[in-house]
Amino acid sequence: EDQVTQSPEALRLQEGESSSLNCSYTVSGLRGLFWYRQDPGKGPEFLFTLYSAGEEKEKERLKATLTKKESFLHITAPKPEDSATYLCAVNGGTSGSRLTFGEGTQLTVNP
Amino acid sequence: ETGVTQTPRHLVMGMTNKKSLKCEQHLGHNAMYWYKQSAKKPLELMFVYSLEERVENNSVPSRFSPECPNSSHLFLHLHTLQPEDSALYLCASSSRHPNTGELFFGEGSRLTVL
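The listed protein sequences correspond, in order, to chains A and B.
Here the first sequence is numbered in the numbering used here, starting from 201 and rising by one per residue.
Here the second sequence is numbered in the numbering used here, starting from 34 and rising by one per residue.
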């Protein structure tokens, strides 16, 4: 069974204070790792797909990286509007095409 | 309208009521999904409908009944729910299934069961 663990559960940063969110996963065969952003009262919004170790994707202040065991979402010089819950999900093969989600990291960026 | 639209946004119902959640996607996708999001728990897939198949999570109780009349509309019929069914119910769509993981979500229907 695919498993996804995200840490920390919650993170508070000052504006401009860079940091990273972690997503550890256990799968039989990774078909893809996905990052989503979810604002309060809204549905998740797709950010990135990573397929193989060593792959990196960037979007504005966000950069996602992937190893064989975990993914990091690096946030450089965050702004208050980056505050959201960030969700990680994997398609690991044992669940068919079903995505397995982590519980998310709630990020708060204070001005 | 664009994207994935869910109605109602908020619903309060008693345990003996029957209600339905509606989802409509305007993206031309051919797969639609129902997810349940409870506090402090990961998103849980309930049902998938695509041109190729209907997939059910076997752990979903029969008091939840999906209906997909066409590729743009998806319903979740609710009856004799329990208080623990209170959650945010999210509809999503994708361009194909099995999908690449790029799901487009609606804003959700917040359900409270009294």
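There's no promise every hint is true.
In silico DSS-like pairs for lysine-lysine, Cα to Cα no more than 27 Å straight-line [as the list claims (entries may be wrong)]:
hint: 1; chain 1: A; residue 1: K263; chain 2: B; residue 2: K55
hint: 2; chain 1: B; residue 1: K51; chain 2: A; residue 2: K263
hint: 3; chain 1: B; residue 1: K55; chain 2: A; residue 2: K242
hint: 4; chain 1: B; residue 1: K55; chain 2: A; residue 2: K257
hint: 5; chain 1: A; residue 1: K242; chain 2: B; residue 2: K69
Here are the computed distance ranges between Cβ atoms for each label pair [unchecked claim]:
hint: 6; chain 1: A; residue 1: P240; chain 2: B; residue 2: K55; range: 16 to 24 Å
hint: 7; chain 1: B; residue 1: E86; chain 2: A; residue 2: D239; range: 28 to 36 Å
hint: 8; chain 1: B; residue 1: T49; chain 2: A; residue 2: E258; range: 17 to 25 Å
hint: 9; chain 1: A; residue 1: G254; chain 2: B; residue 2: Q115; range: 43 to 51 Å
hint: 10; chain 1: A; residue 1: T205; chain 2: B; residue 2: P41; range: 30 to 38 Å
hint: 11; chain 1: A; residue 1: E245; chain 2: B; residue 2: S98; range: 25 to 33 Å
hint: 12; chain 1: A; residue 1: P240; chain 2: B; residue 2: H112; range: 26 to 34 Å
hint: 13; chain 1: B; residue 1: N90; chain 2: A; residue 2: G254; range: 42 to 50 Å
hint: 14; chain 1: B; residue 1: S98; chain 2: A; residue 2: D239; range: 29 to 37 Å
hint: 15; chain 1: A; residue 1: E215; chain 2: B; residue 2: H106; range: 41 to 49 Å
hint: 16; chain 1: B; residue 1: S104; chain 2: A; residue 2: G229; range: 39 to 47 Å
hint: 17; chain 1: A; residue 1: E201; chain 2: B; residue 2: L84; range: 22 to 30 Å
hint: 18; chain 1: B; residue 1: K51; chain 2: A; residue 2: H274; range: 29 to 37 Å
hint: 19; chain 1: A; residue 1: N310; chain 2: B; residue 2: E86; range: 27 to 35 Å
Keep in mind the hints are simulated off the structure, nothing from the lab.
Backbone N, C-alpha and C define an ideal beta-carbon position, used for all residues, glycine too.
Cross-check of the supplied hints:
1. For a cut-off of 27 Å, the pair hint linking K263(A) to K55(B) is broken: about 35 Å separates their Cα positions.
2. This hinted pair does not check out: K51(B) and K263(A) have alpha carbons roughly 45 Å apart, beyond 27 Å.
3. For a cut-off of 27 Å, the pair hint linking K55(B) to K242(A) stands: about 16 Å separates their Cα positions.
4. Restraint check for K55(B) and K257(A): the C-alpha separation of about 34 Å exceeds 27 Å, so the hint is violated.
5. Distance check on the hinted pair: K242(A) and K69(B) sit about 13 Å apart at the alpha-carbon level, within 27 Å; holds.
6. In this structure the supplied range 16 to 24 Å holds for P240(A) paired with K55(B), their Cβ-Cβ distance being about 23 Å.
7. Between E86(B) and D239(A) the beta carbons are some 32 Å apart, a value that agrees with the proposed interval 28 to 36 Å.
8. At roughly 52 Å, the beta-carbon separation of T49(B) and E258(A) lies outside the given 17 to 25 Å, and the hint is violated.
9. Distance hint check for G254(A) and Q115(B): the Cβ-Cβ separation is about 46 Å, which falls inside the suggested range of 43 to 51 Å.
10. A C-beta distance of roughly 34 Å is found between T205(A) and P41(B), which places it inside the suggested range of 30 to 38 Å.
11. Separated by about 29 Å at the C-beta atoms, E245(A) and S98(B) satisfy the suggested range of 25 to 33 Å.
12. The hinted window of 26 to 34 Å between P240(A) and H112(B) holds, with their beta carbons roughly 30 Å apart.
13. Between N90(B) and G254(A) the C-beta distance comes to about 33 Å, which lies outside the given range of 42 to 50 Å.
14. For the hinted restraint 29 to 37 Å between S98(B) and D239(A), the CB-CB distance of approximately 30 Å keeps it satisfied.
15. For the pair E215(A) and H106(B), the beta carbons lie near 43 Å from each other, so the given range of 41 to 49 Å is met.
16. A beta carbon spacing of about 30 Å between S104(B) and G229(A) contradicts the range 39 to 47 Å that was offered as a hint.
17. Look at E201(A) against L84(B): about 28 Å separates their beta carbons, and that is inside 22 to 30 Å.
18. Distance hint check for K51(B) and H274(A): the Cβ-Cβ separation is about 48 Å, which falls outside the suggested range of 29 to 37 Å.
19. For the hinted restraint 27 to 35 Å between N310(A) and E86(B), the CB-CB distance of approximately 46 Å leaves it violated.
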